[in-house]
Amino acid sequence: MAKDLLKVKDLSIQYNTDEGVVKAVDNMTFEIGVGETIGIVGETGAGKTTTALGIMQLVPSPPGQIVQGEIFFKGEDLLKKKEEEMRKIRGNKISMIFQDPMTSLNPVMTTEDQVAEVILLHQEVSQKEALEKARDMIETVGIPRERGKEYPHQFSGGMRQRIVIAIALSCNPELLIADEPTTALDVTIQAQVLKLMKRLKDEFETSMIMITHDLGVVANICDKVAIMYTGYVVEYAKVRDLFENPLHPYTQGLFGSIPNVEEDEKRLNPIKGLMPDPTEIPEGCPFNPRCPKAMDICRKVLPDRVEVEEGHFVNCHLYPAEEYKK
Amino acid sequence: MSPKNENKDLMDRGKKPKAKDLTRDDAVVKNYQSQTEIHSRPGAVEGKDLDVRTIEPPKRKSQWAEVWKRLIKNKAAIAGMIVIVILLLTAIFADFIAPFHYETQDLQNVRMAPNSDNWFGTDNFGRDIFSRVVYGSRISIQVGFIAVGVAMIVGGILGSVSGYYSGRIDNVIMRLMDVLLAIPGILLAIAIAAALGPGLVNVMIAVGIASIPRYARIVRASVLSLRDQEFVEAARAVGANDFRIITKYILPNCMAPIIVQGTLGVAEAILAAAGLSFIGLGIQPPIPEWGAMLSTARIYLRDAWWMSIFPGLAIMFTIFGLNLLGDGLRDALDPRLKG
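Protein chains in written order, with this note's numbering: chain A, -14 to 311; chain B, 133 to 471.
In isolation and in its complexed conformation, chain B is listed as follows:
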């Protein structure tokens, strides 16, 4: 368009009636309404013979439905999920599944090999190992999920603050996390558990603290990549404050890596708790914890293999299931990762 070759239509700037000056019957409004009606309700325009048929739009799936679809295609993830569901059911219905209470001793039948009454045999106090393994699932799940939950919340807050504000706060927080990371996780958990003393809650705290830095790092990395996205800028431009931006715009968008790390983290937390119990810093008898059971069984390894095999298998299957599920989730949440 050259300056002289001006377009009359484009340049027309005649006064148009404002919407608020118009009554509902005004022709302009009518015209406008019919236009929008074509957009919103096909075929619903009055007095016009439009051959418009309503077409059902294809059912669109939300992001999570897509993830679910990909997840259930993955056989390994299904296997993992089945294991976890069984574990959860066992923990919930332990009272109905276990034939004996976990503390019931039968000193007449000590260290019995597996038989029809005691499917997994009995231990050195004559307690039914099957019942103890069943009840043990409760402890493991508690420790696993609560420890990871604590680590996720604390690590998430630290990570998002340091990623969002960057600068000095970021430096301070992340160097602290580096210090924690420099100490091997299990060693750190041992140190904390030793300082706090044994017990269920202390184990959770110890394991939780030891895994904070990992979540902090993951969250920080995701926040850093999301912070400069245009939709975050747009949120700022509509007047949202920092807290709202972090909780409503940034964190929901970095859930995928956190969920994956969380699933794998539960497995590690269970393992760490079992390890702590094994060396006597964790859950104390008579509470049936798989690690503690292994620890007791160690002395009788030569003549009562069942005492160690079954709690060991329980730990193994749980970790295996969680890891399969975690891997499956990662593939499902980020299809690009899978070559």
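Next up, chain A with everything else stripped away, as it sits in the complex:
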């Protein structure tokens, strides 16, 4: 694989709330190569969005706080950058697609103006050239360029998400963070938007972080995937490895809860129990109260990251480190 574009190491982010400290992201480590796509999968509140905001340096502070870790983007630690330098990176080198296209566009600006805005911010072009580029970009995402003069409320949800994608890609970023880009869309539009993103990603050679809770989306466009649970990465592997051989009981549970089309199933097979209160994460492995294979050690010790096969990491006591050491 090519050189790593982004390398996140031991990243921990917490929110200091009145109810206590919430560890939204804990010891997260992953890396993305040029042109690669990584999927981050997890339930609501698993810390997926916070990871994305952490990379962008946009964690709301207070109450948010990056406790430790390093985020290397092309060899430079983003956490050590000044706000001003970060501003030059945001939208230019790293851009983000937000979850809800209904609210992520400014309702009082025409769409082409909003696309042009990013171009104006990061490239030294005249207003006119920026608008021209913006219209090209709008056309690239499959919307007639004349419609750029319209306001977001005149667009449908799928079209708005296309505009958001146009904004995100207009400066040809090296990394695109997509925070559940298809969650607010219906299934057919989802497929269209995903197809579009995949096409543009290949076209612009952009690396991508795909945040989602849809394993189908992951299978469709990701190269690697990280499964998150209460701020921890429980399993991290290449997509093919993970889908063929899920190791962590939580991952297995996720796959188990997808109904099998070929069998006659009356009920879904969910993971029992609920996610713990983020302020009271259980001792040991956070998944132990819900884990069907929980052992005594799981209630006491937090498992370490173990490389079970090449590039396939799992944090679980079922796979003791000694056995897999080479």
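These are calculated hints, taken from the structure and not from any lab test.
Keep in mind that the hints are not guaranteed to be accurate.
Unchecked claim - Listed below are the simulated DSSO-like cross-link pairs for lysine-lysine, each with C-alpha atoms no more than 27 Å apart in a straight line:
(1) A:K73 to B:K380
(2) B:K380 to A:K113
(3) A:K67 to B:K380
(4) A:K134 to B:K201
(5) A:K118 to B:K380
(6) A:K78 to A:K59
As the list claims (entries may be wrong) - Cβ-to-Cβ under 7 Å is the rule here; a few derived chain A residues that face chain B:
(7) R72
(8) M81
(9) M260
From the three backbone atoms N, C-alpha and C, an ideal C-beta is built for every residue, glycine too.
For this one, chain A is given, so just place chain B on it according to the hints.
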């Protein structure tokens, strides 16, 4: 999808040619172009018999066109607007409308009752009251709009800064505003006018300062509700700085309440200026200000009613018109408010 039941199509990750490696004639590009063409220009695909007719999309209206449509449905707002338009026209064309100059005295005809020459009668110096009321509209409009403009700009800046940054700055600014609000508006204006001395500019400043806190509060409230919206976060994510976010993303979105407050504020500013002039702290004679005219007329109330009635009516209609328009605007801008 179970792990073993993998979908071949979904998992296919074969190398696809990159767009930049393709020439324009490449089949893939062609295919892609024709796809986008279907999207952009119906019926314009070459060599394909598609039965696609161009359908004119229904004319979509911008937000302000919608507001305008709702506004002109409201009869009261129309009445208010007519009054304001008449007032503005009067102020602009005062030189042509008024039969006399506002300073022209005719000491032979002092305190004449309304007649065919002097439609509104004359005052204690024999000046034509109609002409003075007409010229007075200029002063009132100036005071009203400039005072509100000043208050809006200063209050807007204070409000957006305190709403956007919150924390300590917010506390300091808003407590200062609370102090200003604790003093009754007219009293504050009197104090400022008394300190600065009478005169047109000072009246504007006095009235303007007295109404700053109101705008600061409205803007702050709107900014607070908009600050955490996703599109503001998105703006931050594309690298916009705070100034740009406030001016391009937040303020344009909270114009509605500001406009409404502004329209109603003009009415109050005119009234406050008239009040200040009435007690002698405002505009000084011989400049024809409606409040000052009332003040002079007070002494002659028993035997020259016309001296006070006409400037009084002028004030009343102006305020009435502005209030009707303001209420109409509020209903038009926020249709949910109207039960």
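Comparing the hints with the structure gives:
| no. | hint | verdict |
| --- | --- | --- |
| 1 | A:K73 to B:K380 | holds, 18 Å |
| 2 | B:K380 to A:K113 | holds, 18 Å |
| 3 | A:K67 to B:K380 | holds, 24 Å |
| 4 | A:K134 to B:K201 | holds, 21 Å |
| 5 | A:K118 to B:K380 | holds, 20 Å |
| 6 | A:K78 to A:K59 | holds, 10 Å |
| 7 | R72 | holds, 5 Å |
| 8 | M81 | holds, 4 Å |
| 9 | M260 | violated, 23 Å |
The structure is inconsistent with hint 9 alone, although it conforms to all the rest.
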